[in-house]
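Q: Chain by chain, the residues:
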Amino acid sequence: MAQTLTETAGSLEAMTPVPYAVAAKRQDTYDTWTLELEPQNGAPIVPGPGQFNMLYAFGVGEVPISNAGHFETEERLVHTIRAVGAVTKALCAAEVGTVIGVRGPFGNTWPIEDAKGKDVVIVAGGIGLPPLRPAIYHVLKYREDYGRFVLLYGARTPSDLLFLDEVKSWQRDYDVDLDLTVDAGDTDWKGKVGLVTKLIPPAQFDADDARGFIVGPEIMMKFVAQELMNRDLPAKSIYVSMERTMRCGVGLCGHCQIGPTLVCRDGAVYTWDEVENLIAVKEL
Amino acid sequence: MKTLDAVIAESPIFAGLTQEQLEFVVGCAQNVHFEAGQKIAKAGDPADVFYLIRMGEVALDLDVPNKKPVRIDTTEAGQPLGFSWLIPPYEWKYDVTATELVRAVAFDGACLRGKCDADPVLGYALLTRFAQVLAGRLQATRFRLLDIYGTDTH
Amino acid sequence: MRAVLAPEALEAIVEVLRRRDWRVVAPTVRDKAIVYGEIASAAELPVGWKDVQAPGSYRLERRGDEARFGYAVGPQSWKRELLAPSVRLLQIERANGSFKVAKKAAETARTAFFGVRPCEVAAIKIQDRVLIGGPYADEDYLERRKNSFIIAVNCGEPAENCFCASMGTGPKAEDGYDLVLTEILDGSHRFLAEAGTDEGAELLAELPQQPAEEADTAAAEKVTDTARERMGITLDRSDVHELLLANLEHERYDDVAKRCLACTNCTLACPTCFCTTVDDANDLSGGAGERIREWDSCFTAQYSEMHGGGTRRSLQSRYRQWLIHKLATWNDQFDTQGCVGCGRCITWCPVGIDIREEVVAIRVTQEAKS
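Protein chains in written order, with my numbering: chain A, 7 to 290; chain B, 11 to 164; chain C, 73 to 442.
One chain only, chain A, in its complex shape (with noise of 0.2 Å):
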């Protein structure tokens, strides 16, 4: 009986990190970096828009990093990082050469096909820029498939704002509206000040036939999501990115639970349907 185990059991390939060497690394912030990394044999893997890896700091430890897109080469992993826990700091501290452990991708990705001849609203805030990052890259790629693009990003200060250049070269190519505010500026600080949720009443974009992508702590995408169903995006139409604590990435640690779900599994990705009601209960 024990033997026909073999059989059904799943895939044994995941838990083994993968060597990859930092081939370029950029500090973005005073306290985030992107590092690319290479894969030292093989190819590297291919991560959908929305997935995570996870990285291993050697003898440090592991934790749970969204993938933040291809810069130019699809040939590397791109992982911007923030440094706040020992394995992040260790993680950001890797110089060029240094080699990291990979597993993954994990998790399920943002809805990019179903967003297809609808109109993308994308809500970042803080290091949730990175994570949405694969997904816009997408809808720049294929811009013709989607309809308008709007791109809302907040930050604590200005020089918070990941990206910057970036971001603002994609509203000059692609035909982003744009807008960008801050908690809080100085006087050099051309754009809104604020929360990121009064972006959203002047975004233009046709409800009924929209996806709204929300990353950011957690807090901001619940007032983020309610601020979108205030603009009649129903809670089926709006996806965000949940974040718990991970072991494993692959369902079997269950550190990840949120109620009925493990994010690591059945997320981290999900509409604003299926979180609402599980985050509004406290501590769940």
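Treat the hints as calculated values from the structure; they're not laboratory data.
In this text the structure is predicted, and so the values were computed from the model without any measurement.
In this text, a Cβ means the ideal position worked out from N, Cα and C, and glycines have one as well.
Just so you know, not all the hints are guaranteed correct.
What the simulated footprint calls covered on chain A by chain C, stretch by stretch (three residues with Cβ under 8 Å from a Cβ of chain C suffice, anywhere in the stretch; the number is not a length) [what the hints assert, rightly or not]:
1) 87 to 95
2) 172 to 185
3) 216 to 224
4) 242 to 252
Got chain A sorted already, so can you dock chains B and C onto it with the hints?
A: Same frame as chain A, but now just chains B and C:
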């Protein structure tokens, strides 16, 4: 271009007022515009006016001694700008600058206050509308206190 | 295939298995408890012992007979054999500016689990679903599971905290075993043995035996029927999923939080709790690292810790997480139930929190509302 009456009647802050009330309000209003970079008000100036922004963006800056001024908020098209006309001592609290070409409707605060005093029904209607805007801004300000994008989210 | 075995035939089971290089792990008495350990002889079974259990209480007492399996369940479950408490998953060594990863050598020791209760068979099936039944599998668990042989023993002596009848997992095992025994103590001490697999039948064929008569089958049936009646239904699972999810902010969680010590005993004793954490470490020279996987518990603060905070900071939320997972959200996640009614979480809770009582407390207010 819309008439002043139509602009005011359709703005959220005055929407729903009776025709008679609107006529009072319009009587205190005039179109204005500011060039990009132009100062609209300075902290401490008498606040005898408030604006309804029709186009463009306005920055509210707070001077911090020995530091760069902090841009604490911006007010965008469709929003009212300025509450100090309503509350003693009727002085602007921030430096107000047009960051781009701004078209707005300016309201004579003293004129409106007088009308509100004489007509409490209009006064109450206006005050509840301004209170709504204020409550929204207070909420947004409190929310920013959370510093949600900061590293320490305890 | 079905036969009657004399008590002495249990020795033959151990002998045959050991001769075929199976490590035989079975219940045995140690430290005043019935635990699972490797045995070399059937004499090491808990002959003539029973366990007396109550919320927060467990003790062994002498029976008036020589029953081999005259107890309910001990503190341990077979989880410790299949989902080992601590496993070194990986060894990682620096080499030429890169690193080499060596996976843990596959576990090849063949282990026979002798004396698996029906609730534990159900728990193993549940862990199979969770750990190897999805798109990704736990390799260490799979290897151990492949190399396991299950001799189930139906239950005739449920303890006060047992509620397998409520959960539909016992006291009689329906499948999931290689061989199943029912101990009959109606004057003539004997076992009804039934094979569940070809391997089980092979083992059975080698044992000294008598043919099973209708009277033997009926006597065995009576053993489990009596056990079922003794337990009764103490947890109504028909609507418990809806009940718990409709009452996520129930005040009962404040009450339980005053009692719960967050000691994690319930999750460690639970035969289905599968949460693990990994610990990465390196040696002092920084040249070699290893990854250890260990049991974790949703009752700790670290369990849900994220940079700059954590999801479940209050005890209320941690108990709720455990309760709704066991009885509700597990079904959503894995399409199986998460509780088998073994009662360990009740017995081994130092303050005697009773999962059944907590459900009743929530149900009472729900009924009052409707």
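Q: Against each hint, give a clear statement of whether it holds in the structure.
A: Hints and how they fare:
no.: 1; hint: 87 to 95; verdict: holds (count 3)
no.: 2; hint: 172 to 185; verdict: violated (count 0)
no.: 3; hint: 216 to 224; verdict: violated (count 0)
no.: 4; hint: 242 to 252; verdict: holds (count 3)
Hints 2, 3 from the list above are not met by this structure, while the remaining hints are.
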